[in-house]
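Student: Sequence:
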Amino acid sequence: YGQPGALAYGATRSLYEDNNKNIWIGHFPAKVSFHDRSTSSIGIYRKDQDNPNAMSDNNVQRVMEDQQQNIWMSVGDGVNVLDPKSSKVKRYSEKLGNYPAHGSLSGYVDRNNTVWIGTWTEGFFKLNTATDRFEPMPFKAGLASSGEKNSSVLNDATIWGFCETRDNTFWIGTHYAGVSQYDIASGVFTKYRNENTETSLANNIVWTCYEDSKGRFWMGTANGLSLMDRKKETFKSYKPQEGNPNSLKAGSVEDIYEDANGRMWFSTSSGLHLYREASDDFEVFTTENGFDNNGIRALTGDHFGNLWLGTNNGIIQFNPDTQSVKNYLASGGKKFGGVNAGAALTSASGEIVFGTTDGLVIIDVENITTNTVQPPVVLSDFKIFARSVSLNDADSVLTKVINK
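In the numbering used here, the protein residues as written are 252 to 655.
No lab work stands behind these hints, which were simulated from the structure alone.
Fair warning: there could be bad hints in the mix.
Quick list of the computed label-pair ranges, beta carbon to beta carbon [stated by the list, open to error]:
no., residue 1, residue 2, range
1, Gly541, Thr263, 38 to 48 angstroms
2, Ser498, Thr263, 57 to 67 angstroms
3, Val629, Thr416, 33 to 43 angstroms
Calculated cross-link-like contacts (lysine-lysine; reagent style DSS-like; alpha-carbon spacing at most 27 angstroms) [claimed, not checked]:
no., residue 1, residue 2
4, Lys377, Lys339
5, Lys586, Lys339
6, Lys341, Lys391
7, Lys400, Lys339
8, Lys500, Lys336
9, Lys298, Lys336
10, Lys490, Lys400
11, Lys391, Lys346
12, Lys377, Lys341
13, Lys577, Lys500
14, Lys377, Lys391
15, Lys400, Lys483
16, Lys391, Lys336
17, Lys298, Lys586
18, Lys298, Lys341
19, Lys490, Lys341
20, Lys490, Lys465
21, Lys482, Lys465
22, Lys487, Lys400
Where a beta carbon is used, it is the ideal one built from N, C-alpha and C, also for glycine.
Full structure from sequences and hints, please.
Tutor: Here you go:
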């Protein structure tokens with residue numbers, strides 16, 4: 252007891268299960284603990300400066316899973332890795348000497364189980380498993396709009412994301428210099444930028460990239476969605492079009508996900524977008540469909556066919572077939588921060604993981620429940636022209652107590 256989410260007191264005298272299967276615990280000599288079954292399947296990990304096995308920072312910018320099912324986190328002061336079996340967190344930081352940067356912005360675990368980390372101002376790093384230290388990769392800031400197309404250094408210091416394609420090609424999205432294809436064996440970077448032409452990349456800020464099951468290669472940028480023809484080295488871009496309800500509603504595409512049915516989904520600040528291949532346009536889902544918030548920052552899916560959307564205000568569970576929606580607000584029973592861009596994954600065990608501005612959120616979708624009890628409506632005050640009216644007032648219009 253004594254920790255957030257723990258018992259209110261150590262000594263227990265009584266237990267009671269209510270009609271909604273919630274547990275009430277009476278303590279001696281005082282205090283009551285309440286276990287809400289509807290939120291008990293949502294676990295939250297946070298910083299605890301007194302616990303060396305806890306997270307070192309609450310701002311989780313990106314989440315990844317390795318082949319041992321450990322959860323890696325890009326956090327404000329370095330890198331954290333959670334062992335879900337023990338709930339212990341290992342830290343990598345400049346202070347500990349095993350991570351030579353001030354903080355991390357993005358991350359990726361590739362198919363060889365290699366961990367890559369991107370930063371705000373110091374390029375990107377690769378974990379050396381022999382030394383258990385992150386080693387810097389070659390970059391040179393200030394070459395964003397210049398330099399050769401093929402080079403031995405990355406031409407940007409700010410790294411937003413990584414991805415792989417099925418031909419074992421590694422890609423890096425940057426803040427100023429577009430996207431680079433990285434040949435790990437030769438160490439050569441091939442750069443693709445916005446060249447102010449119709450067939451170049453939509454924008455030089457590349458948040459994310461994704462190869463779908465059909466081999467199409469998508470890139471989410473700060474001003475549009477780009478689809479790359481890798482043979483021709485050209486791009487087709489989708490951007491907001493005034494008066495076209497089936498275009499993107501916002502230019503910034505921060506995350507991309509393909510569901511089990513091969514449908515492509517894109518997150519934007521103006522809702523969730525479904526790509527319709529037959530018409531080459533989009534269907535948009537927003538607050539009009541029941542979403543609490545239109546600012547979709549990250550998305551993933553579970554094996555029940557639901558999409559899980561991370562927003563500025565919480566988490567949304569959305570079934571695209573039934574279009575049912577459930578909102579989990581960050582200010583609700585389990586408090587957490589807004590979800591960071593691209594910080595979502597489905598673990599190998601089927602759990603949904605989000606990185607937020609106030610901790611790591613893990614949802615057990617197998618056991619999550621819905622509170623079906625409707626709360627009673629209670630009137631606590633009655634006002635006329637901003638003045639409270641009482642039953643006892645001489646000129647009261649009330650004839651009985653308003654909350655009965």
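Student: The structure should be examined with respect to each hint, and the outcome stated for every one.
Tutor: Here's how the hints hold up against the structure:
| no. | hint | in the structure |
| --- | --- | --- |
| 1 | Gly541 with Thr263: 38 to 48 angstroms | holds (40 angstroms) |
| 2 | Ser498 with Thr263: 57 to 67 angstroms | holds (59 angstroms) |
| 3 | Val629 with Thr416: 33 to 43 angstroms | violated (57 angstroms) |
| 4 | Lys377 with Lys339 | holds (22 angstroms) |
| 5 | Lys586 with Lys339 | holds (21 angstroms) |
| 6 | Lys341 with Lys391 | violated (30 angstroms) |
| 7 | Lys400 with Lys339 | violated (44 angstroms) |
| 8 | Lys500 with Lys336 | violated (42 angstroms) |
| 9 | Lys298 with Lys336 | holds (18 angstroms) |
| 10 | Lys490 with Lys400 | holds (26 angstroms) |
| 11 | Lys391 with Lys346 | holds (24 angstroms) |
| 12 | Lys377 with Lys341 | holds (17 angstroms) |
| 13 | Lys577 with Lys500 | holds (23 angstroms) |
| 14 | Lys377 with Lys391 | holds (17 angstroms) |
| 15 | Lys400 with Lys483 | holds (15 angstroms) |
| 16 | Lys391 with Lys336 | violated (40 angstroms) |
| 17 | Lys298 with Lys586 | holds (14 angstroms) |
| 18 | Lys298 with Lys341 | holds (12 angstroms) |
| 19 | Lys490 with Lys341 | violated (41 angstroms) |
| 20 | Lys490 with Lys465 | holds (22 angstroms) |
| 21 | Lys482 with Lys465 | holds (15 angstroms) |
| 22 | Lys487 with Lys400 | holds (20 angstroms) |
Figure legend: structure checked against the earlier numbered hints; hints not met, in rising order: 3, 6, 7, 8, 16, 19.
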